[in-house]
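Number of protein chains: 2
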Amino acid sequence: MTQCQRIVLASRPQGDAAPENFRLETAELPAPEEGEVLLRTIWLSLDPYMRGRMNAGPSYAPPVEIGEAMAGQVVAEVVESRDSRLQAGDIVLAGIGWASHGVAEARLLRKLDPELAPVSTALGVLGMPGHTAWVGLNDILRMDSGETIVIGAATGAVGSVAGQLAKRAGLKPVGIAGGAEKCAYAVEHLGYDVCLDHRDPGMAEELAAVTPQGVDCYYENVGGDVLQAVLPRMNDHGRIAVCGMVAWYSAGGGGEALTVPGIWRTILVKRLRVQGFLVFDHANRLQPFLDEVGPLVGAGEIHYRESVAEGLEAAPEAFLEMLTGGNFGKQLVRVGSDP
Amino acid sequence: MTQCQRIVLASRPQGDAAPENFRLETAELPAPEEGEVLLRTIWLSLDPYMRGRMNAGPSYAPPVEIGEAMAGQVVAEVVESRDSRLQAGDIVLAGIGWASHGVAEARLLRKLDPELAPVSTALGVLGMPGHTAWVGLNDILRMDSGETIVIGAATGAVGSVAGQLAKRAGLKPVGIAGGAEKCAYAVEHLGYDVCLDHRDPGMAEELAAVTPQGVDCYYENVGGDVLQAVLPRMNDHGRIAVCGMVAWYSAGGGGEALTVPGIWRTILVKRLRVQGFLVFDHANRLQPFLDEVGPLVGAGEIHYRESVAEGLEAAPEAFLEMLTGGNFGKQLVRVGSDP
Chain A
275 MTQCQRIVLA SRPQGDAAPE NFRLETAELP APEEGEVLLR TIWLSLDPYM
325 RGRMNAGPSY APPVEIGEAM AGQVVAEVVE SRDSRLQAGD IVLAGIGWAS
375 HGVAEARLLR KLDPELAPVS TALGVLGMPG HTAWVGLNDI LRMDSGETIV
425 IGAATGAVGS VAGQLAKRAG LKPVGIAGGA EKCAYAVEHL GYDVCLDHRD
475 PGMAEELAAV TPQGVDCYYE NVGGDVLQAV LPRMNDHGRI AVCGMVAWYS
525 AGGGGEALTV PGIWRTILVK RLRVQGFLVF DHANRLQPFL DEVGPLVGAG
575 EIHYRESVAE GLEAAPEAFL EMLTGGNFGK QLVRVGSDP
Chain B
275 MTQCQRIVLA SRPQGDAAPE NFRLETAELP APEEGEVLLR TIWLSLDPYM
325 RGRMNAGPSY APPVEIGEAM AGQVVAEVVE SRDSRLQAGD IVLAGIGWAS
375 HGVAEARLLR KLDPELAPVS TALGVLGMPG HTAWVGLNDI LRMDSGETIV
425 IGAATGAVGS VAGQLAKRAG LKPVGIAGGA EKCAYAVEHL GYDVCLDHRD
475 PGMAEELAAV TPQGVDCYYE NVGGDVLQAV LPRMNDHGRI AVCGMVAWYS
525 AGGGGEALTV PGIWRTILVK RLRVQGFLVF DHANRLQPFL DEVGPLVGAG
575 EIHYRESVAE GLEAAPEAFL EMLTGGNFGK QLVRVGSDP
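Protein sequences appear in the order of chains A and B.
Mapped onto this note's numbering, the consecutive letters of the first sequence carry residue numbers 275 to 613.
Mapped onto this note's numbering, the consecutive letters of the second sequence carry residue numbers 275 to 613.
It cannot be assumed that every hint is accurate.
[What the hints assert, rightly or not] Partner residues aside, some chain A positions facing chain B, computed with beta carbon under 10 Å: (1) 502; (2) 536; (3) 560; (4) 562; (5) 564; (6) 565; (7) 602.
[Stated by the list, open to error] Per the computed footprint, the stretches of chain B lying under chain A, defined by three or more beta-carbons under 8 Å from a beta-carbon of chain A, are: (8) 511-518; (9) 528-538; (10) 542-554.
Everything labelled a hint here was simulated from the structure, so no lab data went into it.
Remember, predicted model here, so these are calculated numbers, not experimental data.
Note that CB positions come from ideal geometry on N, CA and C, so glycine has one too.
Chain A extracted, bound-state conformation (with noise of 0.2 Å):
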């Protein structure tokens, strides 16, 4: 038996999610059967969606329940391995969730390479949050060079991928994101050529004068005063990739002048295309993304900024202040040492 600690939802939020629907628990572990290994993880990461599963009621996955582990996806060191396609040592990806340890079968995990990029570029540039902005600009927007495109939470474990690779797409990437320091970062670094504080009141005036031409394509992240500001600056025939709405995963989003008929109205006159979309559907376009970001990110030619808490009790903490804006950078937990 091994002994394992997690961290369990212990309520649903009421409103904005708190300290207290969090509990860090000790939980022993069975020994792995066959097919499977027993992990310790290295890394944990914290992503927005996460948020949507503390929910009761139907969304794209189920919820988790109470008293049962956050779900979530970690880097891990193969401990114990019953399966020949893992050895002891081996690092992998795996979805184990907010816990020190975990049994999982062999055939779900993917293997990484520690030689190609640090093994924690898996859980962000080279993983989900890298994979999410690839798709949203390639198969969903389909952006084309020469076009304006707006992308919130710019300098997120999302956005800061879709804004260079936007811009090597050719195309004139405006961010928007929370407070004058990930401004600036996120055009010194991440290829934005300019930035909007979505805190500034004047932002909405601020992103008509920044696309003179127009918005061909937003990738949504936020809802609330972003996506208020950038509707009427949309043109004829843009496309909306809605990917996510941190704005609105609490109370007080912000966007209180939108209303629904206008909403609708907007995507009739304009013709827009607005498309949601989730990772887990483009399981095939992961290889086609890994093949063309991933050389570049091993070259340093992908500029890429983590947020790191330490230990897993800090998970809850990081990723409350994660939902605010508060961090920097892809969040990550590190939960254990390097191998």
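Put chain B on the given structure of chain A with help from the hints.
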């Protein structure tokens, strides 16, 4: 000089459009110049989109100015031609608006063949509404055999064609219309498997009952309560073609339980594609539409129904009635006699 009667926009609506927003007046028409023809209107088409033109402010087409004739398409007879392409007695489709006569450039007119089908069909089943239905199904929704499609305003000029084309393509069309008579007609004549009355307070529950496999395609003509009932029934990866929203062209259009964050979340979680379109962008698809649907109409395989108001002066009342669902079938105004 030719005396011409026309209906002009007397004032912009405050809330609902009303009779006093229109005025019948008499004007003198200049003689046609080189390349032009003088036209005598036989049929005037009334269409929901005209309501949008009565408002000030930007839309996909400029608003009708106060004192200007209401815009619209007519079927007219050429009275005098100063262009080699047309001669007196020819019947054409023209955009001269709500008027008994007009002068138009011959190169902008489409000559109709009275042998193929009654010329009034060029304003309905074989005109802009039929073309709209065909583009929405084929190019926007990309309908597929076996799918369930919901079509709002099922017996309207667009919906009546859409239901029949969807049925012929192997879909299960569910109509939504106003009143028992229209619903019965939709099932009996328009190919709908079932048609629900949007005035029925239990409509949302009935829709759930008649779409056990969910809804793959929604042909949106209505908005309001109909959209509110359909959204929860949409299947993952469903498509919504936003073609109109007649319930929201005036005040009190329903759909009060809809919220912008709620719609955005549905688009994301169900990975919907919501796409607005205007048939004017799809002129290159007119001929393929006519090639497919023209012979079907000629052979009596596509059913259509016309609602005829007598005399140009009857146009405002007929138009206002149409906006509240008081008409039944494609709304026409008989402005002049057949040749």
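Hints and how they fare:
Below 10 Å, beta-carbon pairs count as interface contacts, and residue 502/A has one with chain B at about 9 Å; its hint therefore holds. A distance limit of 10 Å between C-beta atoms decides the matter here; for residue 536/A the minimum to chain B is near 9 Å, and the interface restraint holds. Using the Cβ-Cβ criterion of 10 Å, the hint placing residue 560/A at the interface with chain B is not satisfied: the shortest such distance is roughly 17 Å. For the restraint placing residue 562/A at the interface with chain B, the shortest Cβ-Cβ distance is roughly 20 Å, beyond the 10 Å limit, so the hint is violated.
Against a cut-off of 10 Å between C-beta atoms, the interface hint on residue 564/A is violated, since the closest Cβ of chain B lies about 22 Å away. Taking 10 Å as the C-beta cut-off, the interface hint given for residue 565/A is violated, the closest approach to chain B being about 24 Å. Residue-level restraint check for residue 602/A is violated (minimum Cβ-Cβ distance to chain B is 25 Å; threshold 10 Å). Coverage of the region 511-518 of chain B by chain A holds [criterion: at least 3 residues with CB-CB distance below 8 Å; count 4].
Check on the region 528-538 of chain B: 7 of its residues sit with their Cβ under 8 Å from a Cβ of chain A, so the three-residue criterion for coverage holds. Using a Cβ-Cβ cut-off of 8 Å, 11 residues of the region 542-554 of chain B lie near chain A, which meets the minimum of three, so the contact claim holds.
Taken one by one, the earlier hints fail for this structure at numbers 3, 4, 5, 6 and 7, listed in ascending order.
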